[in-house]
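Colleague: Letter by letter, the chains look like this.
2 protein chains.
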Amino acid sequence: MTENVNRQIRLAARPVGLPKDSDWDLVEESVPGPGPGEVLVRNRFLSVDPAMRGWMNDRKTYVPPLPLGAVMRALTVGEVIESENSDFAPGDPVAGLGGVQTFALGDGRDLQKIDLSLAPLPVWLDTLGIAGLTAYCGLLEVGEPKEGNTVLVSGAAGSVGAHVGQIAKIKGCRAVGIAGGSKKCSYLVEQLGFDAAIDYKDEKLSDGLKRACPDGIDIYFDNVGGDTLNTALARINVGARVVICGAISQYNATDIPSGPSAYINLLGRRSRMQGFIYFDYRSKWPAMQKDLAEWRTTGKISTEHDIAQGDVDIFPDTLLRLFRGDNFGKLMIELPV
Amino acid sequence: MTENVNRQIRLAARPVGLPKDSDWDLVEESVPGPGPGEVLVRNRFLSVDPAMRGWMNDRKTYVPPLPLGAVMRALTVGEVIESENSDFAPGDPVAGLGGVQTFALGDGRDLQKIDLSLAPLPVWLDTLGIAGLTAYCGLLEVGEPKEGNTVLVSGAAGSVGAHVGQIAKIKGCRAVGIAGGSKKCSYLVEQLGFDAAIDYKDEKLSDGLKRACPDGIDIYFDNVGGDTLNTALARINVGARVVICGAISQYNATDIPSGPSAYINLLGRRSRMQGFIYFDYRSKWPAMQKDLAEWRTTGKISTEHDIAQGDVDIFPDTLLRLFRGDNFGKLMIELPV
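Those sequence lines, one after another, are chains A and B.
Note that this note's numbering has the first sequence beginning at 78, numbered continuously upward.
Note that this note's numbering has the second sequence beginning at 78, numbered continuously upward.
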């Protein structure tokens, strides 16, 4: 190896509210070769996800908090460069938690060998990665859709939401999306085949729900939290499933957000609200990825990729685009080769 | 029939906050004999339940709102007096929705013939009625306890809560109750066999939960809502089940209560929060009642009855005792014979 300078973005401070430049350090270090059992991967694409904001807090969720000074956690796809692990060989394409850095050295436990005949590399961060798998697990494993159900999804033009609506259609449901702005809403209905969209910037959500969900809501897939969740809860049907996938509206909150007072409808309408993490379904991923690849190949799932080109130093600004909602499609960074 | 004057409590106005005297009318009318298919029941015991407050609002929940001028809805046990319905004969003991009145005339669809060899009449409003069945359905059908789980219940000294803790013990769980006052807390631990009790009037709930649930909460059975729910959600384990049975702290609220901001833990801890109504399990009641009767007979379930003696005119004051929390055990009214 000649080019073994590893550029890394490390967490310098715990952000309060939106992450600032001073919360990050750019560090360069040399990469040692792999020791016994280890694999060295060159990262090619970094996934930029809302969940990253939670990983930066000093609070255990489904993963330990990222220690100060550590390389920022990120989902990645790349290529094995050197391997002292019999499960991987140089040249293998892999997906994993490689972090915001050029090279990732590890024991291979977080790595999945991926099959590029199913889909090209960046799709493994989208439809066959976090976005598609999250939608698949949340809608099909937690939401349990039945044909004819009304499925409402917030953050619908986001990478997860777009998959949720399209999988809902595949399963014979009515798909309704909530998004901000007419461009996103047209995209949902005209490009992705949603039955209806609600532009929360243009219409009061409760009015939009009356219009777009005249028979109530059977499944609400929530990426947003806050008032959106509360307003949706007011319109759930008996036996509804509220799938808690995220709460992007409150990830950067510095005050305690108000909770959904309409949770009490879970009682009168005998409904459930359930959180999930797609990591828990890891043993089922290969089967899910096969379904997702087929739906993608046959045109039942289409997506947009919003790929920022640049080195790891563009990560801090790219992350902020998510919270401004000005990305369009799955946000990722393609590192220079 | 000679004594066919029916004394009734009718809903005169929709209460704002706690029900007032002027929200009720006492009416006397004569009872006609049953027409074809009808059954006339003399009510003997009236069940006084927190859910009654919700029935008085002009809002559909799991039952239609009670119309103004209608007899107050109530669960009752009594005796068939006259019958033109082949399913019932004079002398049959029955449970049903007889309302706050001396006699109930109906088509028999809400009536269950009851077996007094399993338990005497008032127990069919408690362990074999709303309290025991609600605990059974909520804990066993919704909560799905596993041996060794920590089961937390609020309103634990109430009729439902007391059953929840005892059924949790039968299923090999650790039972922890939240109640107000040392008398209720001693009762839980010393009489009912709870493993621990938290007196919310004496100890900050979050401190009490740390002490009494050192390994977190696997099932939280909520009768109370409000801050209690939110504080419990902060301490749930991965895979927890939060069973929403009631929200007595907010039934009389005139402002919109704040929702549980800690609902977001459902995500990180991959948990679910689910409401239920025991009416939905009606087809399973006979089997559940058999279990409950056996547990009662063998001393595994013990309860207290708080029986107010008097005519239907004591109902308004008796109902208020529930919301003051000064009843002890299942509250009911025994009508004079």
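Treat the hints loosely; a few may be bogus.
Said to hold, decoys possible - Derived DSBU-like pairs (lysine-lysine); straight-line CA-CA distance at most 35 Å: (1) A:248 x B:223; (2) A:223 x A:278; (3) A:137 x B:190; (4) A:223 x B:278.
Calculated from the structure, these hints are not laboratory results.
Colleague: Looking back at the hints listed earlier, which ones does the structure fail to meet?
Modeller: When the structure is compared with the hints, numbers 3, 4 turn out to be violated.
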